[in-house]
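Asker: Residue numbers (the working numbering), protein chains in the order written: chain A, 211 to 558; chain B, 211 to 558; chain C, 211 to 558; chain D, 211 to 558.
Everything labelled a hint here was simulated from the structure, so no lab data went into it. As the structure is a computational prediction, the values presented were derived from the model and not from experiment. Be aware that a few hints might be false.
Which copy? The list can't say, so a pair holds if one copy fits it or any two copies do.
Calculated pairs, DSBU-like style, for lysine-lysine (alpha carbon to alpha carbon, straight line, at most 30 Å) [as the list claims (entries may be wrong)]:
#  : residue 1 : residue 2
1  : 517       : 465
2  : 465       : 322
3  : 465       : 419
4  : 465       : 401
5  : 244       : 217
6  : 273       : 382
7  : 419       : 322
8  : 517       : 419
9  : 401       : 371
10 : 465       : 519
11 : 519       : 419
12 : 244       : 419
13 : 244       : 322
14 : 465       : 371
15 : 401       : 256
16 : 371       : 256
17 : 391       : 381
4 protein chains.
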Amino acid sequence: MSSSFGKNFVVTTFGESHGAGVGVIVDGVPPGMKLSEEDIQVELDKRRPGTSPFVSPRNEPDKVEILSGTFQGETIGSPIAMLVRNTNARSSDYNNLRDYFRPGHADFSYFKKYGTRPLPGGGRSSARETIGRVAGGAVARVILGSGVVFNSCSMQIGQVKGVTPDWEFAKKHPLRFGDPKFADQAIEEVKAAMQRHDSVGGKIALNIKGVPVGLGDPTFRKLDALLALGIMSIGAVKGIEIGAGFDVCSSYGSKNNDPITEDGFLSNNAGGMLGGISTGQDINLNVALKPTSSIMSAQNTISVDGKNKVIEVAGRHDPCLCPRACVIVEAMAAMVLADLYLGRTARA
Amino acid sequence: MSSSFGKNFVVTTFGESHGAGVGVIVDGVPPGMKLSEEDIQVELDKRRPGTSPFVSPRNEPDKVEILSGTFQGETIGSPIAMLVRNTNARSSDYNNLRDYFRPGHADFSYFKKYGTRPLPGGGRSSARETIGRVAGGAVARVILGSGVVFNSCSMQIGQVKGVTPDWEFAKKHPLRFGDPKFADQAIEEVKAAMQRHDSVGGKIALNIKGVPVGLGDPTFRKLDALLALGIMSIGAVKGIEIGAGFDVCSSYGSKNNDPITEDGFLSNNAGGMLGGISTGQDINLNVALKPTSSIMSAQNTISVDGKNKVIEVAGRHDPCLCPRACVIVEAMAAMVLADLYLGRTARA
Amino acid sequence: MSSSFGKNFVVTTFGESHGAGVGVIVDGVPPGMKLSEEDIQVELDKRRPGTSPFVSPRNEPDKVEILSGTFQGETIGSPIAMLVRNTNARSSDYNNLRDYFRPGHADFSYFKKYGTRPLPGGGRSSARETIGRVAGGAVARVILGSGVVFNSCSMQIGQVKGVTPDWEFAKKHPLRFGDPKFADQAIEEVKAAMQRHDSVGGKIALNIKGVPVGLGDPTFRKLDALLALGIMSIGAVKGIEIGAGFDVCSSYGSKNNDPITEDGFLSNNAGGMLGGISTGQDINLNVALKPTSSIMSAQNTISVDGKNKVIEVAGRHDPCLCPRACVIVEAMAAMVLADLYLGRTARA
Amino acid sequence: MSSSFGKNFVVTTFGESHGAGVGVIVDGVPPGMKLSEEDIQVELDKRRPGTSPFVSPRNEPDKVEILSGTFQGETIGSPIAMLVRNTNARSSDYNNLRDYFRPGHADFSYFKKYGTRPLPGGGRSSARETIGRVAGGAVARVILGSGVVFNSCSMQIGQVKGVTPDWEFAKKHPLRFGDPKFADQAIEEVKAAMQRHDSVGGKIALNIKGVPVGLGDPTFRKLDALLALGIMSIGAVKGIEIGAGFDVCSSYGSKNNDPITEDGFLSNNAGGMLGGISTGQDINLNVALKPTSSIMSAQNTISVDGKNKVIEVAGRHDPCLCPRACVIVEAMAAMVLADLYLGRTARA
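Same shape as in the complex, but just chain A (with noise of 0.2 Å):
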């Protein structure tokens, strides 16, 4: 199981929901950079279930601890280990679980390849795994400096759509919802869902502005690609497009193409990036996030032996994931960014 991201600003995540803790390793970090527990905290909080009523009411406080790679409140270039412990893992309430494939979850694909049946809390599928994204991320910030920021809201909730981005509302707002004027309607369509027992999908928009020209390469380690990887990697990510995205599908070039001026671009239908590699205009994506699949509706499953069983998923889970995806979005582009940055070399 690969658990490193990135070559110069490596990533590494560990822990499961039911063991001691879940943490990170973070490499590559220059020495004499200003780094706190506070820096990583107000990143993590960010994430932490049990801040609104749509997020999952595990109550943990998730307070990390740095382990290695600072002294006296600065980096050393030395790899940064931080640890956030585990305070309310009951294996018990997984148990009944353990015997059953969650429809639209790891289970089954991860019982077929590790043979191990279906984990407390889902293993390594966790949303507890991302903690270690966050906190990753919230490092990756601090090396790209307070220049590069990055916003992310909800676009789409279920069937309510916003048409322009308030990045500042959204910061406010418990869906974490874009659009003022489609807002309520949002919370509307969740509340609806919550009460059939059930979960709505949505899409994230992420917008980076001050990002340095230059970041990517022309061929593999493209910005887009490293995006992509980066971004598809979350759990229940089933789409991604940069910049004009998907409509290019049913655009012409004479449309599509962002004409060059002395002043700058006129456009932007390339989301920033051009063959690759970063422009210096903002980056625009969109994300499509799938339906929660916890849901406490009767579906159809099998067992771990194979017979055909009606299960529901007891525990209450966030009915839509946009709030929470924003944030960990926000931690792989940065993290995808941060280690472009570190790798850049000088020209001959």
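Here the structure of chain A is known, so what remains is to put chains B, C and D in place on it, guided by the hints.
Answerer: Only chains B, C and D this time, still in chain A's reference frame:
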């Protein structure tokens, strides 16, 4: 510039349109497999220019030579190097382009990153780079064996959308359009664009049958993530979606979860993978392709020294990238699967 | 700073002597193997300070905690994170050293590279970093199984050379000296150095039995090359030789080639590998270890701001690194073998 | 089979003696550097067979062709592919060897690993594989610039040992012997072996001047470890020692530590690196080379189907590998340094 792809099945491409040739080293191929130049050539011929009115007429035979890695028609475990000579390199054609950034091309970002003026043929962003990918994909197919079957077609070209793919029909259609009902309309759409000196975007559908269960890892090397990495690293790709893709945004868990029964899954919204691991179902994904950037219409751009300029990009180019991109998308998917296939380790 | 080792069995260490703890993530371990903290602890206890008059008295229990990757005493395929808390970090001990480069230490080059003043305990050059390696090696042993047996001993300490190793004798000897005939002399050699406030170099012999045939690649990932990489990455190692080693320089082909017969090889000058691939014979190699750099004698050095200075390095340090280095050499060799073992792919 | 070396400066070699040619892709080269085929050829000519009575007479011109990565005599940031055609491949010469394992060769282990019978010319274990390494090293030199100077010579050949190297003398000596006082004896030693149909081992000294301070990492990517990886990956190398090397085993800290003064280090037992990081002093290391395995004397071996057999290996081979190995050792060292040089990242 990172020109290698894969961990266990490692493909390293080289070559530019202006140089002596293009090619690839494929490393990680087990010994004892039948492999001849014919196996490679058959795939290369599918992506070759000049094969229909709708692809660029650069008349190169693109004959592949296997330089290493086989003995008496069998692989020997060594890296397989393959070379295709450029026979039609006329850099003078491009000389007038070295002063300007073609809109929608990598010229601008390439210059900003590497300090090199736009290269004849686009340097590593040349479509000829994909010859190495297709050759690598042909070897990947040999590893996967004939039980893994790749189908691809255009399912949208500009305003014309297909509904139901007929894979065999597509193979013979000059635009590789998948739905016979709309195939003539697709041709009209492209012809109209050509008359306007314009180009057309499109959407590609990829279907893979016979994928073994258990390919992919639960964390960063999810099957979906690696497919996204590989396919988004193809020039002109602006989006990828797996299974139900962006349709999940408006869906609900009760509808989107694929029920499991003693007779298998009842649906395939997941597109053949759960938790990043293949389930044994068909893999289905769609790819958004932007319209060809090179068009003969007037476009605004700037020169290398920053002055406004109106240019037309001379030369004939594919008016729609879909037919040839199908071949490359298949190749990248084959590489990803072969890489994971070779990386399987025995359970303890 | 690259803190990961291996391709298929990936060990990532973290931690400094001055921080909260040291540890490791081991990724690539197959599921279903028995693994407990006791399996790790038994190896850690072998390298622990304070166990004889000849090793540094830093009294830390070095108790390991498995943070992830197991469930009910078995591996689950997930990364195994392990943590050993620092309990004896007294950075004040080192404060007076932050202004000077200790001769023979990494202080000078570390400062030139990272711009950081000598860190308490040496930062990542601390001997405590090797705790992660030993823990990683313990997991590697589990993968290799009990059929692969590691033996190591000191075969030279200063002027005292052994002739014939007795592996069992060595395990109980405080200097891990291998030849009983010279073992008391070795002790006298070390005691004499201690009285002079000096330290002693030594040579380690490593023997591995039961290595499967076929590990290693013919080109850059030769078994010998990977062992050299791993073992030379241990601080204080200044040389490595495989099989007949430097004695081959004065040898002849007719003498050095190991004849092959129906009953096996007639000699083992090759040290268990041919063309970079294991042959199934015992692996034999020797390692040169420099004398401990930290000595309480007066030495010339310069301060961080470049002024001449005479210093003595306070504190008790191992007078000879051999006994503890044996444990680390075994660990690195085990990691290399496990990495290659997991990377085997089926022949087509 | 992993045929790539390096992380930032990535060299991938291909080719066997029996096939169409051998070569290399060098990836990671910055744009804008002068590079011509002549720069490569000058290094290749140093390793070419047939240049003295003491090297194998395979008369191939070994002319290199640059296939990609340059434009008008300058690098463009793209991978540089280089090809050397085989012109002397006569696999019939080897046909009688396909049934037997040559002692000291990779035939045995290769067969056990890959299931392939001994290949004409040894497959990837062929000396011709090193052509790609030497070409890669030539590019590495261009990156390092003329300030980094590589010197190497034979310092021992069989029973004849040199004392003081004269690098310039060695360059013109047919055995590349370094000490003029013993150079004629070295020739006699080799001639005597040739008359006995035997071969001779030797020791190579490598000295590198002008290495920038700060190359290498404190943990697994120590400069010494990477040099060991690269140099031990050369066939026939059985040992490597850095600086004082195995002499440290009998040394003491008070003698071995290199004192530091305002005017620099007072000695260089460390061989130019401390804690795995270059100090700016000369890099010095020695390499043990076994006698050529192919000898025309009778040797015991077994056939592929396990029967005892006495064979003589026909054909002329280098009686001593030292002169050509010097070129390859320099190439591998240059690659390691270029890789680390390109991997430097700015301090925050």
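Asker: When no copy is specified for residue 244 and residue 419, does a C-alpha distance of 30 Å or less occur within a copy, between copies, both, or neither?
Answerer: within (22 Å within a copy, 37 Å between copies)
Asker: Can you tell me if residue 465 and residue 322 fall within 30 Å by alpha carbon in one copy, between copies, both or neither?
Answerer: between (47 Å within a copy, 24 Å between copies)
Asker: Can you tell me if residue 401 and residue 371 fall within 30 Å by alpha carbon in one copy, between copies, both or neither?
Answerer: The answer is within: 16 Å in one copy meets 30 Å, while 35 Å across copies does not.
Asker: Under a CA distance limit of 30 Å, which applies to residue 371 and residue 256: within one copy, between copies, both, or neither?
Answerer: within (23 Å within a copy, 41 Å between copies)
Asker: Can you give me the call for residue 419 and residue 322, within, between, both or neither, at a CA distance of at most 30 Å?
Answerer: between (43 Å within a copy, 18 Å between copies)
Asker: Checking residue 391 and residue 381: alpha-carbon separation at most 30 Å within a copy, between copies, both or neither?
Answerer: Classified as within: same-chain Cα gap 15 Å, cross-chain 47 Å, threshold 30 Å.
Asker: 30 Å Cα cut-off: does residue 519 pair with residue 419 within a copy, between copies, both or neither?
Answerer: between (50 Å within a copy, 27 Å between copies)
Asker: How would you classify residue 465 and residue 519 at a CA-CA limit of 30 Å: within, between, both, or neither?
Answerer: Answer is between: at 18 Å across copies they meet the 30 Å cutoff, but 53 Å inside does not.
Asker: Within, between, both or neither: how does the pair residue 465, residue 371 come out at a Cα-Cα threshold of 30 Å?
Answerer: both (25 Å within a copy, 19 Å between copies)
Asker: How would you classify residue 273 and residue 382 at a CA-CA limit of 30 Å: within, between, both, or neither?
Answerer: Within. Shortest intra-copy distance 22 Å satisfies the 30 Å Cα cut-off; inter-copy 45 Å does not.
Asker: At most 30 Å between C-alpha atoms: does residue 244 with residue 322 qualify within a copy, between copies, both, or neither?
Answerer: For residue 244 and residue 322, the Cα distance is within 30 Å only across copies (20 Å; inside one copy 45 Å).
Asker: At most 30 Å between alpha carbons: which applies to residue 517 and residue 419, within, between, both or neither?
Answerer: This pair counts as between: shortest inter-copy Cα distance 25 Å, intra-copy 52 Å.
Going through the hint list in order, the structure satisfies each hint without exception.
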